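Could you build all of it, start to finish, from the sequences and the hints given here?
2 protein chains.
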Amino acid sequence: MLPSALITAALQSHKAHDIAASLADEVGPRLAGSAGDKAAVAWAERTMRELGFANVHTEPVTVPVWRRGVETAEITQPSHQPLAVTALGWSGATPKDGITAEVMEVASLDALTKLPKDSAKGKIIFANIVMPRTDDGRGYGATVGIRMAGPLAAMKAGAAAFVIRSVGTASDRFPHAGSAMLKDVAAPIAAGALATTDADLLHATLARGPVKMKLVLLPERGKDAQSANVVGEVMGTTKKDEVVLLGAHLDSWDLGRGAIDDGAGCGIVLEAARLIAEHVRAAGRAGPARTVRVVLFAAEENSVAGAKAYATAHAADVAKIVLAMEADSGTDRARLVKLLGDPAAAGAFRDIAHALEPLGIVRDDGDARPGTDISPLVNAGVPSIEVRQDASRYFDVHHTANDTSDKLDAASLSQVAAAFAEIAFRVADGDGDLGRVPESKRKPE
Amino acid sequence: MLPSALITAALQSHKAHDIAASLADEVGPRLAGSAGDKAAVAWAERTMRELGFANVHTEPVTVPVWRRGVETAEITQPSHQPLAVTALGWSGATPKDGITAEVMEVASLDALTKLPKDSAKGKIIFANIVMPRTDDGRGYGATVGIRMAGPLAAMKAGAAAFVIRSVGTASDRFPHAGSAMLKDVAAPIAAGALATTDADLLHATLARGPVKMKLVLLPERGKDAQSANVVGEVMGTTKKDEVVLLGAHLDSWDLGRGAIDDGAGCGIVLEAARLIAEHVRAAGRAGPARTVRVVLFAAEENSVAGAKAYATAHAADVAKIVLAMEADSGTDRARLVKLLGDPAAAGAFRDIAHALEPLGIVRDDGDARPGTDISPLVNAGVPSIEVRQDASRYFDVHHTANDTSDKLDAASLSQVAAAFAEIAFRVADGDGDLGRVPESKRKPE
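Residue numbers (this note's numbering), protein chains in the order written: chain R, 44 to 488; chain F, 44 to 488.
Mixed in with the good hints there might be a few duds.
It does not matter which identical chain is meant; a pair holds if it fits inside one copy or across any two.
Mimicking SDA-like on lysine to any residue, the simulated pairs with C-alpha atoms at most 20 Å apart in a straight line are [claimed, not checked]:
1. LYS139 with VAL113
2. LYS363 with ALA391
3. LYS199 with ASP385
Just so you know, these hints were derived from the structure itself, not from any lab. The model shown is predicted, which means the values in this text are computed figures rather than measured ones.
Spelled out as structure tokens, the structure:
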């Protein structure tokens, strides 16, 4: 089977890479509410206009603010060893001079949760859970709970502070940032992530005897700030009120430059929409039948405020969204394609998936997992197609300082953009649709 | 050809790895004159005693002291981007609030040296020289000059501060430390190294227009401190006054834990001597004919003070040192073996090299390059055999925070230790010797 003209054009372009690199290199870190976040919104509007999109605009999002401060950790006994650490999102602060305390290791969230009240009084709890490397993100799903729920469990056990082994797969000294469920907690515990190799050292040192550790984490809460979802469209024609929505998130964690998370996704969805516009223009048409809308969401990392604001603002027109797709899985090749939609749409989905075979992408008949930013839409019934990328290297770099533009893989990004473009165009320009997600498969919060 | 009993025993042991990991994990960073340096000397004495060495003792070395302080860098215009930076050894300090200045890029040490006096007045010079990856360290040799001599050249051009692209081969955000020739300069310039990916970003940003950068480097000079070379021996018998010297350096840079540089070398030479002792003991002998002496040198990284002190203290008995070998090339496999000695010893060397064939090590008839710590001995005539390790990955991690024990490769370290043991034993226990290095091949400072 020959690739479609759209796929061929996509594979001959490296714009998905170039867009992602531009966001990483010209804007860089852009945590919600920061100056970088504002610069990213301006970048997104400018980039969408340069790409020739219609209806380029921002939609306001109020974002909660948390800022990193000084952060250091060290083993002080039995011998001195500096440790690479970063505060988890929404972590509280230690006193300015830090906390020095005995370290108590736990091996699972379950074990941590079962600690009796105040049993860790005056201690620093260290949760040392190794994230397995998998090609589909299951390893992350299986271990990220300790980052999310561990801090609160450590507070309940009376701990003076809490550190985890980074939820990541590389052996190096880049700690992995990420949110903890402490945003709405009064007086949250100081909670950090050690780099994996520093967690290994702490574990090995504890195996030889008692260990004391000093932890200084000085993040702070700020007042809520204004950010925005940035929206642009390739206008439809005969069914222009119906929308194929392609989403990625514009914000990033603050340690790196957000190249693979989620500059890559921004590059994929912007390039997919650009390819569709170019494709219909080359055929002498004004647009596809339905509108293709790109939404670059605010604040995915710190609160999902952008996705929530979008779903709220568009509750009345969600029925007009015929498909939602999200790119937030990094820079590596797509391998599978999956649907979450009406079972009656299986035949239409088979045709779409068949068109992706020249890209080496295989249909999987399990349900797609909608990404974070489109989940509110899917839970309101919007069907979703997931382009599953190889995630085996993604968590080496995810949320670290090392998330920079050199990690982007241009050829793989072109392949993923090709898949997004082909799927979005087929649905936008097709006669039928993919129905709605049955109630039984929705996961309302 | 079957491997010797010594080689077989070496390949069945992982003690070279374990010793290196112990130094990295139980002592960690140990820059000359620091508390870690003192802990390393105590570790070395303890370890040599545990290994059963004779004559374990320290020999005093006065070391100059330089300490890292706060270090940050950022692009401030055209947009804000934090940069990963570290101060070069013997760098001066910026004012406490840093220097913010326009950046001027140079592409070579030659170009920097040719800048007219005061032509960089008020600017930060950025030397962006890409280190090539080679398997033998040539890439380092070809590019390290900018780190050593660049800062002084930048001072002469009137620069406000100086940064280089790290002399390293990985694309990541670990800046590479290392000495600059500023130790004896009054009021030295502030000189730092950017991580390679940050150098790429700075270069790409400069290609788009003028760039301002803020640099804060707050290192300080300390008073000279006391450190030590640590020495232990496997005593010889019939020619016990004659010595085969195996050297590595005990100190490390401060950012990482000195696992591959030079915990690996310490592991290799300590294990080689241990293997020889075990081998003769198994044969019911008291020792090899000649003495095998391990010297763990102080302060290789910041001043070579340990090697200089050793050569000075032993000037009178250098004629009794029949061979000097040094391990300071990391954790990867040995591939070549080379001699620097009396041309008349070529036949003896051929026999030694032949014994290494089961290890996959090939004889190279070019001259060995003596390592830094044994160079003063070689320049006094002591012959040297170089076991050349694959250096293609060494400079990914060299002098960075990422130099930690997880980077050690146990199987490769066993192979290198096997080569050191086989060579040292053959020379220590052999009838002849390797003569002296001809005057024409010595390189006195």
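Results of checking the hints against the structure:
Taking the closest pair of Cα atoms, LYS139 and VAL113 come within 20 Å of each other both inside a single copy (9 Å) and across two copies (17 Å). Within a single copy, LYS363 and ALA391 get their C-alpha atoms as close as 19 Å, which meets the 20 Å cut-off; across copies the closest is 86 Å, which misses it. In this homomeric assembly, LYS199 and ASP385 never come within 20 Å of each other (Cα to Cα): the closest approach is 44 Å inside a single copy and 73 Å across copies.
In summary, the one numbered hint that this structure violates is 3.
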